Amino acid sequence: MGSLRARLTPYALMLPGGLWLAIFFVVPTLILLQFSLLTGNEADGYEFTFHWQNYTDALSTYYPQFIRSLEYGGIATVLGIALSYPIAYWIAFKGGARKSTYLFLILLPFFVSFVLRTISWQFLLSDNGMVLGPLKDWGLLPADFHVLQTSVAVIGGLTYNYLPFMVLPIYVALERVDPGVVEASYDLYSSRTQSFLKVILPLSLPGVFAGVLMNFVPAASDYVNAEVLGGPDNTMIGNIIQDQALTVRDYPTATALSATLMLALLVGIFAYARALGTETVLQAAAR
Amino acid sequence: MDRKIDPALLRGLSQRRYDRRDVMKLFGVGAGLGTAGLALAACGVKGAKQAPADQDAVAKYWSGKKQNGHLDFATWALYMPTDHAPLKAFTKETGITVNYQEVIQDDPEWYGKIQPQLAADKPIGYDLMVVTNGIELDKLIDFGYLAPLDHSKLPNYAQNADPIYRDEAFDKGNVYSIPYTSGYTGIAYNPTYVKEPITKIAQLWDPKYAGKLGMMKSPQELGNFGMLLLGINPETSTPQDWAKAAAKLQEQKPLVRAYVTQDYTKSLANGDLWICQAWSGDIFQENASNGSNLQFVVPEEGGTIWTDNMMIPKTAANPVDALMMMDYFYRPQVAADLTEFINYVTPVPSTKDLIAKHAAASTGDDKKTLEAILTSPLVYPTAADLAKLKRYPTLKSADDQKTYQNTFLPISSG
Amino acid sequence: MTTILTPVPAEPAKPKPPRSRSKLGDRLLLWYTWAVILWLCLPIGVMILFGFNQVQGRYNNRWHGFTLEWYVHVFDLSGLTNALKASLIIAVVSTLIATTLGTLLGVALGRYRFRGDGTSNLVQFAAISTPEIVMGMSLVAFFVQLNVPLGYLTIIIAHVMFSLSFVAVTVRSRVLTLDRSVEEAAKDLGASAMGTFWLVTLPMILPGVTAGALLAFAISIDDFVVTNFTAGNVETFPLWIWSAQKNGLPPQVNVMGTLIFAGGVLLALGNAMAARRRSA
Chain A
1 MGSLRARLTP YALMLPGGLW LAIFFVVPTL ILLQFSLLTG NEADGYEFTF
51 HWQNYTDALS TYYPQFIRSL EYGGIATVLG IALSYPIAYW IAFKGGARKS
101 TYLFLILLPF FVSFVLRTIS WQFLLSDNGM VLGPLKDWGL LPADFHVLQT
151 SVAVIGGLTY NYLPFMVLPI YVALERVDPG VVEASYDLYS SRTQSFLKVI
201 LPLSLPGVFA GVLMNFVPAA SDYVNAEVLG GPDNTMIGNI IQDQALTVRD
251 YPTATALSAT LMLALLVGIF AYARALGTET VLQAAAR
Chain B
1 MDRKIDPALL RGLSQRRYDR RDVMKLFGVG AGLGTAGLAL AACGVKGAKQ
51 APADQDAVAK YWSGKKQNGH LDFATWALYM PTDHAPLKAF TKETGITVNY
101 QEVIQDDPEW YGKIQPQLAA DKPIGYDLMV VTNGIELDKL IDFGYLAPLD
151 HSKLPNYAQN ADPIYRDEAF DKGNVYSIPY TSGYTGIAYN PTYVKEPITK
201 IAQLWDPKYA GKLGMMKSPQ ELGNFGMLLL GINPETSTPQ DWAKAAAKLQ
251 EQKPLVRAYV TQDYTKSLAN GDLWICQAWS GDIFQENASN GSNLQFVVPE
301 EGGTIWTDNM MIPKTAANPV DALMMMDYFY RPQVAADLTE FINYVTPVPS
351 TKDLIAKHAA ASTGDDKKTL EAILTSPLVY PTAADLAKLK RYPTLKSADD
401 QKTYQNTFLP ISSG
Chain C
1 MTTILTPVPA EPAKPKPPRS RSKLGDRLLL WYTWAVILWL CLPIGVMILF
51 GFNQVQGRYN NRWHGFTLEW YVHVFDLSGL TNALKASLII AVVSTLIATT
101 LGTLLGVALG RYRFRGDGTS NLVQFAAIST PEIVMGMSLV AFFVQLNVPL
151 GYLTIIIAHV MFSLSFVAVT VRSRVLTLDR SVEEAAKDLG ASAMGTFWLV
201 TLPMILPGVT AGALLAFAIS IDDFVVTNFT AGNVETFPLW IWSAQKNGLP
251 PQVNVMGTLI FAGGVLLALG NAMAARRRSA
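Chains as they are written, first to last, in the working numbering: chain A, 1 to 287; chain B, 1 to 414; chain C, 1 to 280.
Since the hints were derived computationally from the structure, they do not count as laboratory data. In this text, all values refer to a predicted model and were calculated from it rather than measured experimentally. Don't be surprised by glycine CBs; every beta carbon is placed ideally from N, CA and C. Fair warning: there could be bad hints in the mix.
Some, not all, of what chain A presents toward chain C, calculated at C-beta under 10 Å [said to hold, decoys possible]:
id, residue
1, Leu4
2, Phe104
3, Phe111
4, Tyr160
5, Leu188
6, Arg192
Simulated crosslink set (DSSO-like; lysine-lysine; CA at most 27 Å straight-line) [unchecked claim]:
id, chain 1, residue 1, chain 2, residue 2
7, C, Lys246, A, Lys136
8, A, Lys198, C, Lys23
9, B, Lys139, B, Lys402
10, A, Lys99, C, Lys23
11, B, Lys139, C, Lys23
12, B, Lys122, B, Lys139
13, B, Lys352, B, Lys66
14, A, Lys94, C, Lys23
15, B, Lys352, B, Lys49
16, B, Lys390, B, Lys244
17, B, Lys195, A, Lys136
18, C, Lys246, B, Lys253
19, C, Lys23, B, Lys402
20, B, Lys122, B, Lys244
21, C, Lys85, B, Lys122
22, B, Lys208, A, Lys136
23, B, Lys253, B, Lys208
24, C, Lys85, B, Lys88
25, B, Lys200, B, Lys390
Given the sequences, and given the hints that come with them, work out the whole structure.
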């Protein structure tokens, strides 16, 4: 009797949450795939016809934006690694008692709404605003120089918005490096650089990969940065999906593009999960 | 030499993995849910098109509806004096309280917000709304989302509305909507930076404005300008015409700094843009409220005229109150008060005399502003002005709508 | 199976002897870190600053002088205030539901091994990693198929959906560090399964639950993309800002953003201090 209840306990515990995810995450994803194979329009209705042409039509029209999204996401991720690694290294190894304070400061931007942060950047970077205005007045920049509506602004915004998600996983991984190993390397190697390259860096790679995951996926599918900071040549696939879904109201095309985006990113995600396990990502998320 | 195995890799390799059994489990789960999904798939999604309303429909809709004493009104920014004086007077006279919300920025966005509710026959939270003529209004009418108006309850409209605004192509007989205001799309520029007079759409293709030029993102606005430049009448245009216009607009693209929606007055005022496609009343108001010196012209090749219309969603909770508000705006004095603030074209011509009287009785700056309104072709167009202005193309079929939008959207989202 | 994350990691011993070059390297790293922190906080500073601006005209883009009037008039714009209220209500409701469901799920995954735990892990992982725009699109397709009107209900459903994975993960990592002998002791002393859970387990995982709840609250208040797709014509705080930015943001937005920021910081600091007191 007791053991039956004990056996059923985990199922009872996970059922409400699991059911919620099943109904509101798994099923909608399947319906997304279903919608991508419909033909029709809003007026006459949609019919399920396995219309794979939705995919070929959508991709042949919008592959430049697709590629651009992967590009921008990739550059933002690489920049993120370059910017975050020194910080994570410093906090993990030299932070001392103030580690939590530094981490807290890094996370500070997240207490302000994502949309507000991006709009503040638009304000800061405006043509004659607080940053560019004085620089132009002092003759350091030509008068028609502008940052907004360029890819630099969009990539900058993407890097900025997801930076803490790169610092945190790398920090988590670096923090777990056994100091004894580092000590041993100093005893055996003559320079700090070599010790870093051969010991610390490889040990931190799971954290770097986790950070890549938590940066690349949202960055490549973002559209807020492109809309607020970008111009007509910086459109990302997220903007196209939004336009198709909400303005043109062409659900088959919008869902076909979403499904392709999800597939492209999930392939990377599951390859990563298979190689390195889901632990680091879940731990970093728990932080 | 033994290569050191990366401990992280070792950790990953020795963790519990997703083996064949897990994959089979996943397939099983997936197949189960997939079948469920396909079962739903057999249903597809219903079409939204409805038959047009007839006389019986009007009687049927309005039978049993009563005045409730409250009204939720959704509209665009800057369409009501800041002190809400006309609304307050309305409340005083009828006892109906008005919740006035400037929540509409963009027709497609607004349509997207209210469509799911209307499709499911649920209230949208508003009884009265203002939508521009165009694709979204066509959809609202075709899909039966609007209440057919009871014209017996609109005496002021019958008496005072300008005949040219009745019986428009987009709502024959004004079955579902009556105009709130009209406006034009033309060219606005900042004379501090633009030293020559601007008179033609062709000047928007001038390389000397590269990087300081703005165009509108809306496919209907953008498309119209492309067609007018090529001498095509948008109202009778064909898909071939649209393609030609899109090609011309692609040529202009390297010069365009941004494809704007609502925020161009700010950019024009502070010099981020020098010249931009713009709506008439916005420029008038920018100059009046912020002291800017922006100029607006209707180009020689022509401009676009559009109408913002009042209508009642079919699931409105207080349709009778909404109907009374609609008629109230057609009283000449109320219309005059509105025009003095919003500076767009009013559908009530007798306001001109009332504003003239008001101007005669005023002094100083007020007098100057009122006289500017009286003489402005932006508020009281002459027949010659109207001849140059064209409407958006009529796009009745869903295919046409999709083709049109997909012809011009790629220009702004390259 | 997995290495357990210790709450306070031991500091690595200093390498010996410290050379002057490494001192310079440390200095540079320190300044670099502070430079990046400043860069991260720059837009926040601007937002807070311009909540004190004496705005003239419609646009809040030039500094005219210091004033506190917007703090007095912060609730003047009824649309904005309603949007903030909506955001708060949705955040509270979805946090309550997500925390409950997520805690149960986290305990199940962290404590027990059962058929389907691999799948659950996978689904959770997918839920955290899926791009928001794909989630928004699939929810819209789902609600359209079922002809469910978009509004408060659909927003709350969406928010609970993506928050609960975060709560589950947070609780799970806390559960993994629990000392089971305490629970065994409780059982030996005659407590029922329910009693053990309420009186022993729950208090021990409470820091994880609180952290998860705070996370869910923050995610819900800030969410834009998924909410944009599922809101119908309900306006939440981020949605209102998005619509209004085209016409120029009123200073009340800056004020509210500042207040939310201050509130969040205080909550986080309070949570940290409570955690320190608990572990002391």
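Taking the hints in turn, this is what the structure says about them:
1. Leu4: Given a least distance of 12 Å, the restraint on Leu4 of chain A is violated.
2. Phe104: Status holds, d = 7 Å.
3. Phe111: Hint holds; Phe111 of chain A Cβ to chain C Cβ min 4 Å, cut 10 Å.
4. Tyr160: holds (7 Å)
5. Leu188: With Cβ-Cβ at 12 Å, over 10 Å, it is violated.
6. Arg192: holds (6 Å)
7. C:Lys246 - A:Lys136: holds (26 Å)
8. A:Lys198 - C:Lys23: Between Lys198 of chain A and Lys23 of chain C the Cα gap is close to 21 Å, so the pair holds against 27 Å.
9. B:Lys139 - B:Lys402: holds (12 Å)
10. A:Lys99 - C:Lys23: holds (19 Å)
11. B:Lys139 - C:Lys23: Since the Cα atoms of Lys139 of chain B and Lys23 of chain C sit roughly 70 Å apart, the hinted pair is violated (cutoff 27 Å).
12. B:Lys122 - B:Lys139: Measuring from Cα to Cα gives roughly 17 Å; hence the hint holds.
13. B:Lys352 - B:Lys66: violated (35 Å)
14. A:Lys94 - C:Lys23: Cα-Cα ~11 Å, so holds.
15. B:Lys352 - B:Lys49: violated (41 Å)
16. B:Lys390 - B:Lys244: Roughly 18 Å between the alpha carbons, so the hint for Lys390 of chain B and Lys244 of chain B holds.
17. B:Lys195 - A:Lys136: holds (22 Å)
18. C:Lys246 - B:Lys253: holds (22 Å)
19. C:Lys23 - B:Lys402: violated (65 Å)
20. B:Lys122 - B:Lys244: Violated - the C-alpha atoms of Lys244 of chain B and Lys122 of chain B are around 42 Å apart, more than 27 Å.
21. C:Lys85 - B:Lys122: holds (23 Å)
22. B:Lys208 - A:Lys136: The hint holds at about 21 Å.
23. B:Lys253 - B:Lys208: Roughly 14 Å between the alpha carbons, so the hint for Lys253 of chain B and Lys208 of chain B holds.
24. C:Lys85 - B:Lys88: holds (26 Å)
25. B:Lys200 - B:Lys390: This hinted pair holds, its Cα atoms lying about 15 Å apart.
Against the hints set out earlier in the document, violations occur for numbers 1, 5, 11, 13, 15, 19, 20.
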